[in-house]
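Following the hints, position chain X against chain F.
Heads up: the protein sequence lines correspond to chains F and X, in order. My numbering puts the first residue of the first sequence at 1, with every later residue one more than the last. My numbering puts the first residue of the second sequence at 1, with every later residue one more than the last.
Worth flagging that the hints you see were computed from the coordinates, not collected in a lab. A portion of the hints provided could be inaccurate.
The list treats identical chains as one, so a pair stands whether inside a single copy or across any two.
As the list claims (entries may be wrong) - Below, in silico cross-link-like pairs of lysine to any residue (SDA-like), each with a Cα-Cα straight-line distance of 25 Å or less:
#1 K371 x Y395
#2 K253 x M138
#3 K63 x D353
#4 K371 x T70
#5 K352 x I124
#6 K64 x S355
#7 K51 x D338
#8 K264 x S343
#9 K51 x S355
#10 K399 x T278
#11 K289 x S355
#12 K63 x E90
#13 K365 x Q120
#14 K289 x E97
#15 K64 x G354
2 protein chains.
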Amino acid sequence: MKFIENGTVTSPKGFTAAGIIGGVKPSNTTKRDIMMIASDTLCTTAAVFTKNLVKSSAIIVTKKNIENGTAQAVIANSGNANTCNADGIEKSERMCELAAENLGIDKKDVIVASTGVIGQVLPIEPFEKAVPQLAKLMSAEGGSDAAEAIMTTDTVKKEAAVEIELGGKIVTIGAIAKGSGMIHINMGTMLSFVTTDAAISSEMLKAALSEAVEVSYNMVSVDGDTSTNDTLAILANGKAGNEEITTRNADFKTFTDALTELCKKMAKKLAADGEGATKLIVCSVKGAKTAHDAKGAAKAVICSSLVKAAIFGSDANWGRVLCAIGYSGCDIDVSRVDVSFVSAAGEILVCKDGSGVEFSEELAKTILLEKEITIDVRLNDGDGEAEAYGCDLTYDYVKINGDYRT
Amino acid sequence: MKFIENGTVTSPKGFTAAGIIGGVKPSNTTKRDIMMIASDTLCTTAAVFTKNLVKSSAIIVTKKNIENGTAQAVIANSGNANTCNADGIEKSERMCELAAENLGIDKKDVIVASTGVIGQVLPIEPFEKAVPQLAKLMSAEGGSDAAEAIMTTDTVKKEAAVEIELGGKIVTIGAIAKGSGMIHINMGTMLSFVTTDAAISSEMLKAALSEAVEVSYNMVSVDGDTSTNDTLAILANGKAGNEEITTRNADFKTFTDALTELCKKMAKKLAADGEGATKLIVCSVKGAKTAHDAKGAAKAVICSSLVKAAIFGSDANWGRVLCAIGYSGCDIDVSRVDVSFVSAAGEILVCKDGSGVEFSEELAKTILLEKEITIDVRLNDGDGEAEAYGCDLTYDYVKINGDYRT
Numbered sequence: 001m002k003f004i005e006n007g008t009v010t011s012p013k014g015f016t017a018a019g020i021i022g023g024v025k026p027s028n029t030t031k032r033d034i035m036m037i038a039s040d041t042l043c044t045t046a047a048v049f050t051k052n053l054v055k056s057s058a059i060i061v062t063k064k065n066i067e068n069g070t071a072q073a074v075i076a077n078s079g080n081a082n083t084c085n086a087d088g089i090e091k092s093e094r095m096c097e098l099a100a101e102n103l104g105i106d107k108k109d110v111i112v113a114s115t116g117v118i119g120q121v122l123p124i125e126p127f128e129k130a131v132p133q134l135a136k137l138m139s140a141e142g143g144s145d146a147a148e149a150i151m152t153t154d155t156v157k158k159e160a161a162v163e164i165e166l167g168g169k170i171v172t173i174g175a176i177a178k179g180s181g182m183i184h185i186n187m188g189t190m191l192s193f194v195t196t197d198a199a200i201s202s203e204m205l206k207a208a209l210s211e212a213v214e215v216s217y218n219m220v221s222v223d224g225d226t227s228t229n230d231t232l233a234i235l236a237n238g239k240a241g242n243e244e245i246t247t248r249n250a251d252f253k254t255f256t257d258a259l260t261e262l263c264k265k266m267a268k269k270l271a272a273d274g275e276g277a278t279k280l281i282v283c284s285v286k287g288a289k290t291a292h293d294a295k296g297a298a299k300a301v302i303c304s305s306l307v308k309a310a311i312f313g314s315d316a317n318w319g320r321v322l323c324a325i326g327y328s329g330c331d332i333d334v335s336r337v338d339v340s341f342v343s344a345a346g347e348i349l350v351c352k353d354g355s356g357v358e359f360s361e362e363l364a365k366t367i368l369l370e371k372e373i374t375i376d377v378r379l380n381d382g383d384g385e386a387e388a389y390g391c392d393l394t395y396d397y398v399k400i401n402g403d404y405r406t
Numbered sequence: 001m002k003f004i005e006n007g008t009v010t011s012p013k014g015f016t017a018a019g020i021i022g023g024v025k026p027s028n029t030t031k032r033d034i035m036m037i038a039s040d041t042l043c044t045t046a047a048v049f050t051k052n053l054v055k056s057s058a059i060i061v062t063k064k065n066i067e068n069g070t071a072q073a074v075i076a077n078s079g080n081a082n083t084c085n086a087d088g089i090e091k092s093e094r095m096c097e098l099a100a101e102n103l104g105i106d107k108k109d110v111i112v113a114s115t116g117v118i119g120q121v122l123p124i125e126p127f128e129k130a131v132p133q134l135a136k137l138m139s140a141e142g143g144s145d146a147a148e149a150i151m152t153t154d155t156v157k158k159e160a161a162v163e164i165e166l167g168g169k170i171v172t173i174g175a176i177a178k179g180s181g182m183i184h185i186n187m188g189t190m191l192s193f194v195t196t197d198a199a200i201s202s203e204m205l206k207a208a209l210s211e212a213v214e215v216s217y218n219m220v221s222v223d224g225d226t227s228t229n230d231t232l233a234i235l236a237n238g239k240a241g242n243e244e245i246t247t248r249n250a251d252f253k254t255f256t257d258a259l260t261e262l263c264k265k266m267a268k269k270l271a272a273d274g275e276g277a278t279k280l281i282v283c284s285v286k287g288a289k290t291a292h293d294a295k296g297a298a299k300a301v302i303c304s305s306l307v308k309a310a311i312f313g314s315d316a317n318w319g320r321v322l323c324a325i326g327y328s329g330c331d332i333d334v335s336r337v338d339v340s341f342v343s344a345a346g347e348i349l350v351c352k353d354g355s356g357v358e359f360s361e362e363l364a365k366t367i368l369l370e371k372e373i374t375i376d377v378r379l380n381d382g383d384g385e386a387e388a389y390g391c392d393l394t395y396d397y398v399k400i401n402g403d404y405r406t
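Next comes chain F alone, as it looks inside the complex:
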């Protein structure tokens, strides 16, 4: 498996995309806000959505559209979440209709997604005008523009693609995502669209996505909130010409592993670009009684505001790490816990057998001043392992969220 340079959602064969300034965002912005992705042919599809009981109308419409396991295109916008609106369903359906009409496909084969402010009526006029234009712009080079069009408070586009070989055929998987803010365990305001030219049944695609998401997107947290709009969808058009994956065979494993690595890469990108973030934090937990325990502990550490603020301040405050593990619900023997901080600048053990050890504050500071910090937790009580991804808590997070809506 290898990552493709400048890989994106249009890297797999037979996919096109485009993103334009459609006017959903305030008229004084010059930011892309409507995008489409399409396959030349019908795809198998799978998707996972937020577990929030308050759901975007887009999710309700998408769920219905992909019930049969097929889809051919995605239409999405930023600037408005189309959530908690009395006419939300109608608007999401109209978005699908517009995409279908202009792409010459069935409206039941369109995935729709929205992200932005909750509870403001979504203006449909921008779509009526923009979608015909978008359809004309669709190209195999359009992935990046599509990635840009779903950004909200993101500061960088998130895109990547990987390549594998299945039975002598090159199979590509590409992805774009938007995250920032609200990102959490259960996928806070996260949109991600994955495409592949692999031939794979929708049942196996579902299984692969479910495995991949569990250790990637679901292990990301920026601030503990879970959004109303989170959607991760994958489309597979079979153009790679590999033998269709219909069982859990070796090809399924190769495909799932590659999808997992791609999703992990995207998850890290999302965490590193959390609102106001200056650092990516990875919490690696090893030696837990079970993988479930390891997950719980890793998530608790990554979600702790106090840990996040300490990392922002490059303060080796390992007591907060222990505190978070302690309330995580993870079954631990405190007297066996070791904690180290690791980065490109080195590694330092700060807690051994649940108690502090003497360490160089200077070296600790140097390590914590790096952009990517790993909090390495060893529970020494079993074989359970997990990794979670988060970011530091900064002044800018407060600034961005104290005045986002207006």
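Only chain X this time, still in chain F's reference frame:
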């Protein structure tokens, strides 16, 4: 029931206290950091502690000491949590011994508590020197000094007392607390000591405390973290001369109601003084299917970083309120949810039947600029009610926690 002016932990009959600069905090500070509270006679006692698996040695020692339901004094310090230290138990026991020796009581009747940085060895020398002095300073006017001595990043002392009549006798209940930071649902770094001259069995005292804490301290959140040191203890010395409460009779109810009101008052003080806080946020949920659902929803709103940041920015971003209720696990019918913002400046309905309504942004801003904001949520789906207490998320929270330890 009435609140007593300048009420504190020494307001009930027969209690004395003192707090001094003992030198646990860095030598360049002139802040009180060691305190004692004592009763002239043996008390019945009850306490609740953090649910964090990582626990301060002080909690382990206290649990053992109060197993028999009696206690006579409290010794506590700020500046060091005495948690995750190999010699922690030994140090906590020595604190009890010192208190007992100097107060002329049994060391098994001492409650010990510590708050501050985790994982740094607690120096015992300051106690050896300070406790004899403290014992001499003990007085019925010492409650405020004791309150001061447990402050960490608190900006104000927290103390209050209430008075009730039981069978013609005046019964007083007094309390001090320290909170800030880490405050959460399960009592993040919170110490609170409550005293009363009521005559009440330790069994009934436990029952009363358990009822009171459920709707007060346990409904407070500042940042979602749960501390390793949280302790809430109550001492009852019977000096009021009321007939001892040994069953769930009318006196028990009067006592428990008063204790609950006192604890709610303290809980609000804790929330309002959360680290960096500029505003107290109360989330009132009514009409839930059950009280349990109402609690879950109220806590989720109060714990949401996005809601907290929006309130800091005086932004009527009600979508975030719905989002938090949506992921709270509370069983709701989204299409029935109403949300209003309420403060001394007025009241404004922003969401009706789960969808946005038109409202004056100007009035909303005026309402949200106040120091105490109530987020009023009506689920219109039953009789379950709950109130949770929190604060806004500010630049100062990040500042305080980015560099607290060093």
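Q.
Are any of the numbered hints broken by this structure? If so, which, sorted upward?
A. 2, 4 and 14
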